[in-house]
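S.K.: Chains as they are written, first to last, in our numbering: chain A, 1 to 112; chain B, 1 to 115.
Simulated from the structure, these hints should not be mistaken for lab results. Values in this document were obtained by computation on a predicted structure and should not be read as measured data. Errors might be hidden in some of the hints.
[As the list claims (entries may be wrong)] Cut-off 25 Å, straight-line C-alpha distance, at most; resulting in silico cross-link-like pairs (DMTMM-like, lysine to aspartate or glutamate):
hint, chain 1, residue 1, chain 2, residue 2
1, B, Lys49, A, Asp85
2, A, Lys36, B, Asp85
3, A, Lys36, B, Glu88
4, A, Lys19, A, Glu82
5, B, Lys110, B, Glu88
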Amino acid sequence: DTAVSQTPKYLVTQMGNDKSIKCEQNLGHDTMYWYKQDSKKFLKIMFSYNNKELIINETVPNRFSPKSPDKAHLNLHINSLELGDSAVYFCASSPTSPRAQYFGPGTRLLVL
Amino acid sequence: AQSVTQPDIHITVSEGASLELRCNYSYGATPYLFWYVQSPGQGLQLLLKYFSGDTLVQGIKGFEAEFKRSQSSFNLRKPSVHWSDAAEYFCAVGPYGGSQGNLIFGKGTKLSVKP
Chain A
1 DTAVSQTPKY
11 LVTQMGNDKS
21 IKCEQNLGHD
31 TMYWYKQDSK
41 KFLKIMFSYN
51 NKELIINETV
61 PNRFSPKSPD
71 KAHLNLHINS
81 LELGDSAVYF
91 CASSPTSPRA
101 QYFGPGTRLL
111 VL
Chain B
1 AQSVTQPDIH
11 ITVSEGASLE
21 LRCNYSYGAT
31 PYLFWYVQSP
41 GQGLQLLLKY
51 FSGDTLVQGI
61 KGFEAEFKRS
71 QSSFNLRKPS
81 VHWSDAAEYF
91 CAVGPYGGSQ
101 GNLIFGKGTK
111 LSVKP
């Protein structure tokens, strides 16, 4: 019954590794997002997809690559992980209109 | 530029007391406004939203917020706080970047509740 789900919930890895975070929503929404929450709890948009098409790509290193196989899924792949990538990553989704966003539980990434 | 300011980083209130969390925004058009709550170790839960119409909006868990265009504010209120309300509260405005754009979040206000 979870509306927006993310896996894994926790991810601990070494610098230089490549990892993926998966996100799925069963709300029938057209738009999905990835946000990064830093250690000071500040939330910042990374990417936005609408119907599998990228519509927002903020200033994010190209080591981060979103992939949307269908409109219910938006995965985040991170290459060559760095210490500064340690954060909580939230997936969200929204209908086309109105634009309330619904968030997943977050993935806590720790890069050692 | 669009922005959201939550002037209070941390607020402590006694259980049963009233609460008001402040939010000011800067936005070029009529904004959509939101309040989210994040409990420790959890995701963000939507408390309430304002799109248009009545400027006093009711949300879940007994929260309400009032949109004041003249003050560019959207303050969150609750008449009687419960210990379970202790959490981080985020105000957000959007959409930014087009009709399908993202939200811009404030930096959050941490609420602590004293017994």
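S.K.: Hint by hint, note whether the structure agrees.
M.R.: The hints, checked one at a time:
{"no.": "1", "hint": "B:Lys49 <-> A:Asp85", "result": "31 Å, violated"}
{"no.": "2", "hint": "A:Lys36 <-> B:Asp85", "result": "24 Å, holds"}
{"no.": "3", "hint": "A:Lys36 <-> B:Glu88", "result": "16 Å, holds"}
{"no.": "4", "hint": "A:Lys19 <-> A:Glu82", "result": "11 Å, holds"}
{"no.": "5", "hint": "B:Lys110 <-> B:Glu88", "result": "4 Å, holds"}
When held up to the earlier numbered hints, the structure conflicts with hint 1 and nothing else.
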